[in-house]
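S.K.: These protein sequence lines are chains A and B, in that order. If you're matching positions, the first sequence starts at 1 in this note's numbering and goes up one per residue. If you're matching positions, the second sequence starts at 1 in this note's numbering and goes up one per residue.
Calculated directly from the structure, the hints in this document are not laboratory data. Treat the hints loosely; a few may be bogus.
Where chains are identical, the list cannot tell them apart; a pair therefore holds if satisfied intra-copy or between any two copies.
As the list claims (entries may be wrong) - Heads up, simulated DSBU-like pairs for lysine-lysine below, C-alpha to C-alpha not over 30 Å straight-line:
| no. | residue 1 | residue 2 |
| --- | --- | --- |
| 1 | Lys400 | Lys501 |
| 2 | Lys354 | Lys244 |
| 3 | Lys519 | Lys501 |
| 4 | Lys81 | Lys139 |
| 5 | Lys381 | Lys251 |
If you're wondering where the values come from, they're calculated on a predicted model, not measured in any experiment.
Number of protein chains: 2
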Amino acid sequence: MKLTGKSFIGSTRGADSEKVLYGVNPANGEELQPAFHSASLNEVDKAGRLAEEAFSSYSKTSGFERANFLRTIAENIENVKDDLIARANAETALPIPRLQNETGRTINQLHLFANVAEEGSWVEARIDCADLERTPLPKPDVRSMLRPLGPVAVFCASNFPLAFSVAGGDTASALAAGCPVVVVAHYAHPGTAEIVAQAISDAAKSSDLHEGVFSLLYAVGNEVGQTLVQHPSIKAVGFTGSRKGGLELMKLAGSRPEPIPFYAEMSSVNPVFILPNAVRERREQIASGLHASVTLGVGQFCTNPGLVFVNEDENTEVFTNKVKELISATPSGTMLTEGIGENYKRGVNSLAEKITPLHHDFSQTTSALFQTNAKDFLEDKSLSEEVFGPSTILVTHQNKEEILNIARTMEGQLTATIHGTEEDLHEYQDLISILETKVGRIIFNGFPTGVEVTHAMVHGGPFPATSDGRSTSVGTRAITRFARLVCYQDFPQEFLPDELKDENPLGVMQYVDGLFTRKGRYTVKF
Amino acid sequence: MKLTGKSFIGSTRGADSEKVLYGVNPANGEELQPAFHSASLNEVDKAGRLAEEAFSSYSKTSGFERANFLRTIAENIENVKDDLIARANAETALPIPRLQNETGRTINQLHLFANVAEEGSWVEARIDCADLERTPLPKPDVRSMLRPLGPVAVFCASNFPLAFSVAGGDTASALAAGCPVVVVAHYAHPGTAEIVAQAISDAAKSSDLHEGVFSLLYAVGNEVGQTLVQHPSIKAVGFTGSRKGGLELMKLAGSRPEPIPFYAEMSSVNPVFILPNAVRERREQIASGLHASVTLGVGQFCTNPGLVFVNEDENTEVFTNKVKELISATPSGTMLTEGIGENYKRGVNSLAEKITPLHHDFSQTTSALFQTNAKDFLEDKSLSEEVFGPSTILVTHQNKEEILNIARTMEGQLTATIHGTEEDLHEYQDLISILETKVGRIIFNGFPTGVEVTHAMVHGGPFPATSDGRSTSVGTRAITRFARLVCYQDFPQEFLPDELKDENPLGVMQYVDGLFTRKGRYTVKF
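With the rest of the complex left out, here is chain A (with noise of 0.2 Å):
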């Protein structure tokens, strides 16, 4: 498709603005054609207004409107594959095979939220029956669900050009919770942005849904996506990125004269626990599990892991050498943009003024390898900050203490890693119950990064790894994010939201009375 380099304000291109940006090849430096126009403020606040006027209508539209539009919405995006999988190749240089794979798990993101909010039960509908009988008072009839929040700004993440982008994982479990979404492109990858925002906009065409039930828009600075956080039509806020602009735009959200809910995924340095046996009997094959995951995809995931621990006893140096020959051996790769790159570089270079490089080339993105003792890092907390790519410290301990010291003043993380035998997991529960109240993901025997779309996933974690520790933004478990209790009190049944109806016509989980059915409430009470 030709690209046009205009926001879209519903259903209709804006330009408005003399702000413009490109993509840019990051494996070579070259400009990518078009110019995007940045969204004017005008443009933003239409496009909030246009959400507003949406939700009306949108949050009405029934589970199986709703994932017919996102099942339309992946179709649209299949459809147009080559050509954004060659798109988002030039923007961001990530290998074809790892896009063809984003772009299915984006996909299959969209049927699953579909299946979600065509089953139903993810309102959590619960009834509690009147008894007209009771004294001294009569118990009243009293229902209520989930039901969706309004507008909700996205903000596309750098390293998912597709599955936490413009139609990743916020924008479908938003769509999904009958929410419009207001989405601000990244600025990395603004042609695949276009390619995907077109995908949504012809699903939302053909659905027949109110125009400002999408709109995407460019952003050269700040200003767009502070002026769309704090719109007053915009009632939540998905964000996947740095901690500093998420902090900033966390800060925003919460001193709106109303407040909303503000879900940014931050940072995260994915601690992994190696325990003393797991390292005897297979430090080979750790050590290959860490390298692949230290270096997958040139290090730049959320859940990369960024410290190692390990006891230092006689197998630590074996384990320690294999990672950095592997470590060594690895190429260097391209990163999404110069300045991701350049961040990379001063971060490894600031660790290498303070704790051994076990292997680091100062002029190249490759991969490093650090490490210091338990001591040192406890000492230095810049230690613990992350740095986004290839990198990662091996961090040795004498005893169990020390590392329970460690877990004890680590921050929020997305996820900890445990290699362990069952007998080092009965020697460190004490271990398992701290990383239980720090992290979103305890990984057994495993590596944190890979974070499957399912029921069952979490990806969050305490602040700083997540603004909301309470949520998920991976996983169906997110629709959540963008729902609030609604309670129904001696409501005719006419009037109720079928899911709160007595005869049950959708088939959802409801709690009646205490107890769960998907049969009706007159099954439970006779």
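Dock chain B against chain A, hints included.
M.R.: This is chain B only, laid out in the frame that chain A set:
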């Protein structure tokens, strides 16, 4: 029991500070003995640290153990009921029958949350089974559930000395979730707080729990509460009180180095919409019900109906006169504190300067009734601010569009009420749709006061009714406020929480590969 006037810092009693406060009988201004010592900042810190220590064991207790603890608290309260009600009556001037009811409600809440903890399905257990044959990569085993957040700070409410104070809804739901609690007593009922705190403290001891599971702090001024909200051990806050107090603490909770969830129930005017056919058919009945709701408990409920919208037609005057007649005949009441009484007088006097008082006595805490029209109402935002007490404003409007406009521009509310016939509801469907985006609970042909404590209740609503409109502070759904998702990937069965085990030993509802079951995963798979 003999009151000591000392804070509960775990199992010890603290009176470090020289600052003291006294309970005051609002009926006669009499100062009640003994003096209550404000907690020192050192004691606040100690309570926070003890709660963190307690968390590591208390968060691991089973639902049965927590249920036992909550039921023991209920039993201990039952045993001191007479002393408790007498002291609460002296401190609040709330009538004995009301306090008897509220004690019953408090005990019932504890039992309800005990049942929820014991039944166990509240954790939303999810299991996605592994698929080792999947290509290109095997699918891991992923399981997740809600786990307790950490120590919770609870602020007592002035208007519910029992049901929303020391052993009230916030405490019961936090303890049920597995979170230790540090309560800040309300200065208006310190003796009531001590009696209840002793009941909890005794229950913690007889249940062999870590002493830090419960502390109670007395507070002269705001410093104790502010320090507690900023304490690094505290991971969530439950608050019921004024908008000003709530917003101040919300800001502190959000600007900590680690921001934490802050659940404040702050202010609401609980609009009542009386639709044309309803006022024609049931004006006398509605007038009586409205009067009862406005004046209940001297109007000191967060669900007190402060705004009543009625169509201006031939029936309006009869309705208005009836309300006026009832309000005028209502005897003056004693409010909870002198300050609350003064605020109420200030509030109604200020209204009387702006709009027509139909009934209003400048010198006394009598019920007040005002009247204005939609046009004037829309022009003066101050008319939609809460006046805490037995006052309400009748707002007449000319047509449907006017009332929809008012609903659209309304702030977030705990409740909205609609009186109408089914014909009215058909005509005013748009009003329901707007209210669904503005309130936590919509009541049909009833009144907002009297909040049922059930599974489906939602006592929440968009900002500024609460600080977090996604949740509820009343009813069993409140437990999820104090929990967050934790995910376990490829864990050996032995190390999983019972709720996530294959054989499902607790028989909780599990969501296994997208299907609900109580029977364990094998039943679903084969």
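S.K.: Hint by hint, say whether it matches the structure.
M.R.: Hints and how they fare:
Taking the shortest Cα distances, Lys400 and Lys501 sit within 30 Å of each other only across copies (28 Å), while inside one copy they are farther apart (56 Å). In the homo-oligomer, the alpha carbons of Lys354 and Lys244 lie at most 30 Å apart inside one protomer (23 Å), although the nearest pairing across protomers, at 48 Å, exceeds that limit. For the identical chains of this complex, Lys519 and Lys501 are neighbours both inside a copy (11 Å) and across copies (27 Å), given an alpha-carbon limit of 30 Å. For the homomeric pair Lys81 and Lys139, the shortest alpha-carbon distance between copies (25 Å) is at most 30 Å, but the shortest distance inside one copy (57 Å) is not.
With identical chains, the CA atoms of Lys381 and Lys251 are at most 30 Å apart both within one copy (24 Å) and between copies (27 Å).
In terms of the numbered hints stated before, the structure departs from none.
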